[in-house]
Amino acid sequence: MGEMIYVPTTLEEALQIRKETGARPLAGGSDIMVQGKRGIGLCPELPYSVMIISGLDELKGITASEDGSVTIGALATPSEIASSSIVPWHVRKAASGMGAIALRNTATIGGNIGNASPKGDLPQPLILLDAYLVLASERGERTISVDDFIIGAKKTALMDDEIIKSVVIPHSSFTYSYYRKIGMRRANAISKLSLSAAMTVQNGEITDFRASSGAAGPKVIRSRSAEDIIRGRKIDEIPSLKEDFLSAWNDAISPHAMPEYRRHTTRRMLEYFLDEISRGAEPGIIGEE
Amino acid sequence: MLSEIVFYVNDKKTVFSGNPLTRLIDVLRDDLHLTGVKEGCGEGECGACSVLKDGKLVTSCIIPVGAVNGSHIYTIEGIRDTEKGKCIVDAFVEGGAVQCGFCIPGMVMAAYALLESNPHPDDEAIRQGISGNICRCTGYDLIVESIKLASERGGALWEK
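Read top to bottom, the protein sequences are chains A and B. Counting along the first sequence from 1, when you hit position 47 you're at 47 in this note's numbering, and nothing is skipped either side. Numbers given in this note's numbering equal positions in the second sequence, counted from 1, plus 289.
A couple of the hints might just be wrong.
Straight-line Cα separation of at most 27 angstroms, DSS-like style, residue types lysine-lysine; simulated pairs [said to hold, decoys possible]:
#1 B:302 <-> A:60
#2 B:345 <-> A:37
#3 A:234 <-> A:192
#4 B:437 <-> B:302
#5 B:375 <-> B:449
#6 A:19 <-> A:155
#7 B:375 <-> B:302
#8 B:301 <-> B:437
#9 A:119 <-> B:345
#10 A:154 <-> A:242
#11 A:60 <-> B:375
#12 A:192 <-> A:37
Chain B is faced by these chain A residues, among others (derived, beta-carbon under 10 angstroms) [said to hold, decoys possible]:
#13 52
#14 183
#15 184
#16 185
To be clear, the hints were calculated from the coordinates, so they are not data collected in a lab. We treat Cβ as the ideally placed atom computed from N, Cα and C, and that holds for glycine.
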């Protein structure tokens, strides 16, 4: 006999079940159903109770706020995210490269974050953009940055009575953007490595510079101290600062498997982004044909 | 709390009252005998079990039936005798797209979803449209050609 399975129809009901039973939310099921798989004709079994929250309207939709931030409901699928014109480019780009069409119609942003796989595609650009989560419980709502929420591989700061309600991405406007996911094939690939980078330049001064590495350690890596080597400096200083930055980023990432490959490739991607800007690339997306 | 899941399969109302974690594919195949839905990998990677859920292509092996309450599901059995379904099936036959046939129901569903959203796809769009459907016989070229044929033959059919 498996554990209890609940199908709440409202957020209120879901929060009550969550508090009383600790049942874990299943949104799309694309990770959990595979984890519980037992074979043809057999109902998946999991070592914990589950509530299927796919039907909760309170967790759906993508909306823009007046302050320029974008709120993505936890049940939004990669397809919805990739085709939304109000979602920031890095996140759309990552969503459009997840799995293949059917998976993009099934998986959810809440599940991709909550599952906290080091290979998850969405946390990487979300952490680049300082996105935060709205967590709901019967006690009320609280917010936490995606970076703080994901503690490590498969570990999150979600409390036993909480559900991820939405993801909020603050407004940002970059002069240069970069995103790259490396997998074994274009469709249905689990990330081997991914990288986002972004820079804002005003009158030759680098007013903002960020990078985030996915699948290069137990969780997405953003090193603000490494970013500070470049942030606030002048564009023509990039060649002289580059080596310090690349070496600081290399120290920040902690690849467990194929470390040489991951370190080398991360370095190549960051160097390419910086070199293109130094060379006077047109503002916009770097490295996109 | 739902004690039973009510949904529509090929326009027929279906009520399911078992374990909501039951895979949609098992309900379709075992309860409704819609055996055109094939199980390949069982992990959402091969596309053999592809069906339409509210118009969108999904793999029925990784969807719990508890997630389809109120949804409209179409399988190969539900589309093959429609004008659009026939158009694709005929093109697959004429184009020689089929060898062993195991992937074909899923492939037809992917082609259907593609042509519904993009009536006249180019080669690249077709390859992307079936990128989640694995065929181990044909090398894909004849399938791509057949979908192109369905797009041409269907013409205005796909623009509705």
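Structure-based check of all given hints:
1. B:302 <-> A:60: 25 angstroms, holds
2. B:345 <-> A:37: 23 angstroms, holds
3. A:234 <-> A:192: Violated, at roughly 33 angstroms.
4. B:437 <-> B:302: It is violated: about 34 angstroms lies between the C-alpha atoms, which goes past 27 angstroms.
5. B:375 <-> B:449: 16 angstroms, holds
6. A:19 <-> A:155: 19 angstroms, holds
7. B:375 <-> B:302: Given that 27 angstroms is the threshold and the Cα spacing comes to 24 angstroms, the pair holds.
8. B:301 <-> B:437: Not OK: residue 301 of chain B and residue 437 of chain B at ~31 angstroms, beyond 27 angstroms, violated.
9. A:119 <-> B:345: The given pair, whose Cα atoms are some 25 angstroms apart, holds under the 27 angstroms limit.
10. A:154 <-> A:242: 33 angstroms, violated
11. A:60 <-> B:375: With Cα atoms ~35 angstroms apart, residue 60 of chain A and residue 375 of chain B exceed 27 angstroms; violated.
12. A:192 <-> A:37: With Cα atoms ~24 angstroms apart, residue 192 of chain A and residue 37 of chain A stay inside 27 angstroms; holds.
13. 52: Check passed: Cβ of residue 52 of chain A comes within 4 angstroms of chain B, closer than 10 angstroms.
14. 183: 12 angstroms, violated
15. 184: 12 angstroms, violated
16. 185: With a closest approach of 9 angstroms, the residue 185 of chain A hint holds.
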